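S.K.: Given the structure of chain A, go ahead and fit chain B onto it with the hints provided.
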Amino acid sequence: MSEAATLEAVTIDSEGDFSYPEAYAHDAGVGLNEDTLDYISNVKGEADWIREFRKKALKTFESKPNPTHWASKDLENIKFENIRYYLSKGQKPTRSWDEVPDDVKQTFERLGIPEKERKYLAGVEAQFDSEAAYSNVKVELEKEGVIFVNSTEGLREHPELFRKWFGKVIPTGDNKYSALNSAVFSGGSFIYVPPGVKVKHPLQAYFRINAENFGQFERTLIIVDEGAEVTYMEGCTAPKFETATLHSAVVELVAMADAKIQYITVQNWSNNVFNLVTKRAIAHENAEVRWIDCNIGSRLTMKYPGVVMKGRKARGEVISIALANDGQHQDTGAKMVHAADETTSNVVSKSISVGEGRSTYRGLVHIPKHLKGCKNNTECDALLINSNSRTDTYPAISVRGNQHATQHEASVSQVSEDQIFYMQQRGLSEAAAMSLSVNGFVNDLVREFPMEYSVELKRLIDLEMEGSVG
Amino acid sequence: MTQTEESVWIDAPPVQDLDLEMPEWYQAFQKASWDRFRELPVATRKDEDWRYADLKKSRFEKLYPVQSATVPGTVDTKPLDNTIAHFVFVNGELVDFDVSNLPDGLICAPINNAISEGGDRLKPYFDVDAKRLGDEKFAALNGAATNYGIFVYAPKNLEVDGSIFVQHYVSGESAPVFPRTLIIADNNAKVSVIERFESLDDSTPGLSVGVCDLHADHGGIVQHVLVQDLNKSSKQVHLGTSRSGKDSSIKSVILNLGSAWTRNESINRMTEDGANTKLYGANLANELQEFDQRTLQIHDAQHTTSDLLIKNALYDKSRVIFGGLIQVLPGAHHTDSYQSCRNLIGSEEAEINAMPGLEIDADQVRCSHGATSGQISDEEIFYLRSRGIPTDEARRIVSCGFLAEAFSKIENPQLVEWLSGMIADKFDSI
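Same order as they appear, the protein sequences are chains A and B. Residues 372 to 841 in the numbering used here are what the first sequence lists, from first letter to last. Residues 1260 to 1689 in the numbering used here are what the second sequence lists, from first letter to last.
Derived from the structure by calculation, the hints contain no laboratory data. It is possible that some hints are incorrect.
Using 27 Å as the maximum straight-line C-alpha spacing, the simulated DSS-like pairs for lysine-lysine come out as follows [said to hold, decoys possible]:
hint	chain 1	residue 1	chain 2	residue 2
1	B	Lys1305	A	Lys547
2	A	Lys444	B	Lys1305
3	A	Lys740	B	Lys1685
4	B	Lys1576	A	Lys743
5	A	Lys740	B	Lys1316
6	A	Lys746	B	Lys1576
7	A	Lys444	B	Lys1390
8	B	Lys1576	A	Lys681
9	B	Lys1305	A	Lys740
10	B	Lys1305	A	Lys427
11	B	Lys1576	A	Lys740
12	B	Lys1315	A	Lys435
13	A	Lys444	B	Lys1396
14	B	Lys1305	A	Lys430
Sample of chain B residues facing chain A (criterion: CB under 8 Å; computed from the structure) [said to hold, decoys possible]:
hint	residue
15	Asp1622
16	Ala1630
17	Ser1632
Note that this is a predicted model, so its numbers are computed, not measured. C-beta: ideal position from N, C-alpha, C; glycine also.
So here's chain B without its partners, still in its complex pose:
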């Protein structure tokens, strides 16, 4: 398809023609989302959820229809050893998959198929008015335009070792993709999903506006890893939510390496007693990159715990924004919550904006947060140099170690190694 002015969306939502028949509720959801997208204003300077953000970067002059995928000859896939299922999407089209190792009972399918075949079962997971942190308009756009994604359902008592690996490739000028991820762990089930976003080339500006919802029921365990390594002309909006039920546990890991501009939202809601959520993030920014990360930990039940650790390393003229909030709602007694944002600034023009917030409305609560920024201390460099390591290499080692610490609480050495390896690869280019 050629990109002409005429193909810019004006009056019609960018919904792809699918061969699948969608249930009525979903069509209504898409229509309501499109109406909402058209109604909602773009963010302005007075918008507290966009404080410090470069609003110019969040505006898209033109939105082209989704392009049909160009299947590349060789897609570099690197699944982990314990990958139990593997999906490769290029511009939203499923070009390759392998589900031969999928355990019995685990449902894992492209989300469109799941919606189409699921009747009303998935309806409760699609809420037009879901709470967001300033990205309502993007969420509505995704709702109207979702054209692919992954759906995972782990039934009761099914504990899955190993991970589902999903690769998203974006290709073509101003080609937008609108992935939607939905992961549900039923009572005492356990599941893990790794998603990685990449561009097919180094320069064409792509766009991904994604939504990812995680649900863990009584005693369920969900782990979700998001690696964003798009090229440095591309933009990404990724809106994550999680809802954890009684004694359940949800762990989200986010690594941002690529893109010109990335906006991450993460809303983690602990709705029943004993729920636990963790969010670990590492951002390595250089050149003119801007990573804008907003998080919300909502404690809405007793004896809930949450932990958040974001580590940022900044170089050149990059900017990172962290806006975090712990909310302990009335009645959420005995909450234990932690939030920490640590920043390593490696150049004179890099900029970090940190807004760690607390709203406590309950009793017997233990809550704390911290935000620090600084540079590598001379003592650390001196120590490594005295062991024969050149200054540049010493800086690299310390910086890599600093970022990788965000992953120190992930109990999967191979995953940690994989993530740390990608950090090291990017450091080589700085």
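The shape of chain A in the complex, shown without the other chains:
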């Protein structure tokens, strides 16, 4: 497709809402059954064990009910039979920027990430729909033995590395949506960092959804060997569609002894996306895993990043920002499972509810018996912007034994009228004052994000706050 033709076909309605003509080379059709799985396996040329894994997962998915006894009833509105479970541009993951299709490039342009900036990044795994559209690992990383590929390639080329942990951190039957992902996964990143290698630059992947009624089921597995370190970043934005879209990812992290993983997400799904993600890490002795998570947009997000601290002195952390606007429900939180002595975890969550938006914190802290010296700290703060905004907090803390310390604090507040008045006096509009106030509320967490993300984050928050006052 020529560049001019592409541009003509692009429809932009308002800020951030745009889509490109759909031209898919592979399409598994609508609905889900064993044939869909065979189709995916055939296209990807997968080994028999993966094919079996998918089929088993499908049975688990079908047998599990939606968890509506505790979660939002909105889940019942997902019409699984109307979803396309596999789409691909039909291209192999490309190596250089020049080979990336123009419309994909323009999508990135629209996101405001200049090409130049990306050159600083160690490698870009840019996912357009189901397949990685762009994959570039810097030569020096390859030299150090870092593997950064998509899920298909990871399982095909490096089964000896990835099969051991694939589906082990988050078993297929963990929940209905991890089972769904296990059945139809495609795309996502598989990363292996060899012992002692400290990856200097963050590895990064951008995801986009760009087809109506089309679910995206990426699968990510990151294994960081002893003493190694890596930071991984993912960001998601999506144009608006007519009918609901399902996004259900599984992200597994394995931090071997003394390893460090930092996993950063900035997400801005469109208002009709169900974003039901299972994220969990295993931290071995003295390892550290940090989930830094920002959720903006979507119709319903359910995401509770977890860390299972399996080795002595392992550390887990979740830092989370959520912003729920009209028609959105951010149901996010953290799971901290202490499974060894002297493990420590920290959860800091801040949520903002705008208009009729609803944000929910759901947390789990588990310290079983016969352990000693475990510590957890949880802080949740919620900010309500309008009188019909809503926020909930549902933590569950389970502690056995007398050698631990846990503490949980939560608070709910408003932007103070005095603050707004003060800023208006100094010549700021009410909207600008509100925006400044909200940015101040999340500022200490935003600082945890890398620079380019915190800039984008600030822009997204400003965008969401538009029209919320006055």
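M.R.: Leaving out everything else, chain B in the frame of chain A:
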């Protein structure tokens, strides 16, 4: 009565034959409750209201008819100095009472008499479908089987100093009692009731399934104290609700010491502007005891305030579950609400499960909650030891002080002393 398989309830509700004639609405209420009890399923693992609970303990294989009371020779009664009325029930039978100091105008009577004589007046206080926190089946059982309890009504502008003291004794193998408490403070009235549950012996497994409803109208003040000190084979379900009207104030205090298993529900509803509720609880658990406490603070009007403080100390293999929720409904602006659950774990196998929750749907709200767990710090013990207090005694002092703090906001020194004394007594046995 002998307990045989035949005497287990199967088809008929366990309603005692009373000499009293009950109004039609009450008979209908009892029948509807029994139907509901039979219809409702038992709690399952998927039931969020029963999360972390040991469901086996909540199931009763056999429910025997209420046994007639065996009046003991000496019932140990310890009314407080300022007791204005005193009732002693054994297995639901009123065996002793003293109302000689009852102020004029204050109505205080066994609930069956009050229902029987009250015509339709008490009807609004009996709702088969009242909201519960997972204990609908137990509430229905109580509704069908209520065989005794206390009714208190403080008329307009009557401020009563001193407390009504009600003692509940349970005796006999698998003997269930189904008490119902109803306390109403009319406009600007003030009343206080203390209830204490005990077993007559140390080992026979008894069962109490009780309901307690508190109502405070415009400017009314109600204080309710519940002390549960059954023997360690017994079980208790206690379902409390409160409704506070304009500028009224309701204070509930719960102390759990005894029983093998206790399930407490407390639903506190602030229905009119300026209402205030407080819930203070202390649980001292040891051996295999399980205390399961669920609370709900509902803010359904503007400028309402609530405060909740639960303190738990756990020893041996005991378990405590706290499930709390603050609900600020749409329009309940300017709510100020607090909820706190503090836990002291004193052994390697004790277990605390805390679920402090918030649901905020209004503006200009100040809400916070906290849950902590930990052990006595070495510094505290060191400090006391350096003053010549042996380690064990130091631990006891710190633990007692920790629990008693739950009562620090009760403005009645004698009551606080009485409650703290019972905590200290139990510590002596740990």
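S.K.: Now look at each hint and say whether the structure bears it out.
M.R.: Hint check:
no. : hint                  : verdict
1   : B:Lys1305 to A:Lys547 : 15 Å, holds
2   : A:Lys444 to B:Lys1305 : 16 Å, holds
3   : A:Lys740 to B:Lys1685 : 25 Å, holds
4   : B:Lys1576 to A:Lys743 : 16 Å, holds
5   : A:Lys740 to B:Lys1316 : 21 Å, holds
6   : A:Lys746 to B:Lys1576 : 21 Å, holds
7   : A:Lys444 to B:Lys1390 : 21 Å, holds
8   : B:Lys1576 to A:Lys681 : 25 Å, holds
9   : B:Lys1305 to A:Lys740 : 23 Å, holds
10  : B:Lys1305 to A:Lys427 : 24 Å, holds
11  : B:Lys1576 to A:Lys740 : 11 Å, holds
12  : B:Lys1315 to A:Lys435 : 25 Å, holds
13  : A:Lys444 to B:Lys1396 : 25 Å, holds
14  : B:Lys1305 to A:Lys430 : 21 Å, holds
15  : Asp1622               : 4 Å, holds
16  : Ala1630               : 4 Å, holds
17  : Ser1632               : 5 Å, holds
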